[in-house]
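Trainee: So you can see what is in the structure, the chains are spelled out below.
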Amino acid sequence: MINKEYLRKENLDRIKEIFRANKTFPSVTLRDFIDEKAFLKMKNNLARMKFKDNYNPLFFSYKRCESGRIVKDFFNSEVISFIEEIIGMRIKKPAPDKFMIFSFGWKDYTVLNDKTAEKDGVDLIFDFTDGWDERFGGAVVYSNGKDDFLRISSMENTLSIVERKNSQRFVQYVNHYAEGRSKLFILISL
Amino acid sequence: MKKVIRNREINIQDYINQEHFSSRNISQFNRLFSKAIPFPCLVVDNFLREEIAVKLLKALSKEKFYPKESDLFKLSQTSDFAGTKNPVLVEFREVLSSESFVRFLGKVTGNKLVAGKIDMAGAIYSDTDFLLCHDDKLEGRRIAYIYYLSDFSISDGGSLSLFSSENSMPKKAVKKILPKFNRLAFFEVSDISFHEIEDVVSEKQRISINGWFY
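Residue numbers (the working numbering), protein chains in the order written: chain A, 1328 to 1517; chain B, 91 to 304.
What the hints contain is simulated information worked out from the structure, not anything from laboratory work.
Where is the CB? At the ideal position from N, CA and C, for every residue including glycine.
Heads up, a few of these hints could be off.
What the hints assert, rightly or not - DSS-like mimics (lysine-lysine), calculated; alpha carbons at most 27 Å apart, straight line:
#1 B:K266 / A:K1390
#2 B:K158 / A:K1442
#3 A:K1434 / B:K227
#4 A:K1473 / B:K158
#5 B:K265 / A:K1390
As the list claims (entries may be wrong) - The following label-pair restraints were derived from C-beta to C-beta distances:
#6 A:S1480 / B:K145: 55 to 61 Å
#7 B:I116 / A:S1480: 53 to 59 Å
#8 A:K1473 / B:E256: 32 to 38 Å
#9 A:R1478 / B:E229: 56 to 62 Å
Using the sequences plus the hints, can you model the full thing?
Mentor: Set out below in structure tokens:
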């Protein structure tokens, strides 16, 4: 399922290097992460999923669906081994509430919040969004509270691996230029 | 109603429309403010004398606005007018923080407010700018105010939305206050004064002067 280019030893070593290069926000973004056939299958399954509104004005607004089959398809043993290789540690199976599929459209957001602050760990963001423009907003932003930020933009079939070290994430407000479009991604917090 | 500003005596009724100070209006304002839903608030149109409002807008356009962005907001803002050298803005700050005006506002809101203590800055919300839901609570803040210097319609966005609450948490936006030139809006800051500024969705600039009374 994983793009074979990423599995070649020299490329894998380079990915590990990139991941560790950013000391504040260790991270790497891998485009065309899985092969086209597997990606289309997941995308078709996603189109059948039912999303529910989640709205708490002080903290968030988005649509979400339970992980179900899609995350199982994505988070398989091949992907788990690949990620373990990059981050250099074994992955424990996360609790079900750490696997989420999100949809963010116009007026959606999350804000930083002490009450829901997460412990240090690793985020996997796998993006399904086609044709998203940065000017729509909606970037996943990591902040360490010291004016340092890491922005993860949206691109179809892209996996971002981000280590949360004294940092928290929020999803930037999606503005009206998104019109009827929505940004769709899986978020797995390890 | 008189206050000395920089060795010059001014009358706040030279700035604020006199009609607002009649006993009848003050009683009516007080009734409207205290019974407002979802929490005490009031909108006063034609707040300043028209020529003063125009002068104020011109003065504000000469101030430096700093873009600010976070998870919670995106806008441009001036520094607090306590540090401005612009005489028109200094004067406006003095007028609103004067004993006469603070006494008037105290009667309208039923709050004991402190004369001479006010926060005041200019803000511009341009296309896609916003301020998400929050309550404004901070030590000592009693009344939040916004004085609008631009005219918006519903389709431009930029309204001030006030939220109903349940168990001290915001539930739903139930009132919208549109920016209108020379309109003053104010509300009581409390545990449930949840509000937001909707994103601007047009090329118009939402220009205002806002802050808090203590």
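Trainee: Using the Cβ atoms, figure out if A:S1480 sits within 55 to 61 Å of B:K145.
Mentor: Check failed, 45 Å falls outside 55 to 61 Å.
Trainee: Has the hinted range 56 to 62 Å been met by the Cβ atoms of A:R1478 and B:E229?
Mentor: violated (34 Å)
Trainee: Starting from B:K266, check that the Cα of A:K1390 is at most 27 Å away, please.
Mentor: Roughly 25 Å separates the two Cα atoms, so the pair holds.
Trainee: Would you mind confirming whether the straight-line C-alpha gap from A:K1473 to B:K158 stays at or under 27 Å?
Mentor: holds (15 Å)
Trainee: Could you grab the alpha-carbon distance between B:K158 and A:K1442 and see if it respects the 27 Å cut-off?
Mentor: holds (24 Å)
Trainee: When you check the alpha-carbon spacing of B:K265 and A:K1390, does it fall within 27 Å?
Mentor: holds (24 Å)
Trainee: Take the C-beta atom of A:K1473 and the C-beta atom of B:E256, compute their distance, and say whether it sits inside 32 to 38 Å.
Mentor: Check passed, 36 Å falls within 32 to 38 Å.
Trainee: Using the Cβ atoms, figure out if B:I116 sits within 53 to 59 Å of A:S1480.
Mentor: Given range 53 to 59 Å: holds, Cβ gap about 54 Å.
Trainee: Check the hint pairing A:K1434 with B:K227 against an upper bound of 27 Å on the C-alpha distance.
Mentor: holds (24 Å)
Checked against the numbered hints given earlier, this structure breaks hints 6 and 9; the rest are met.
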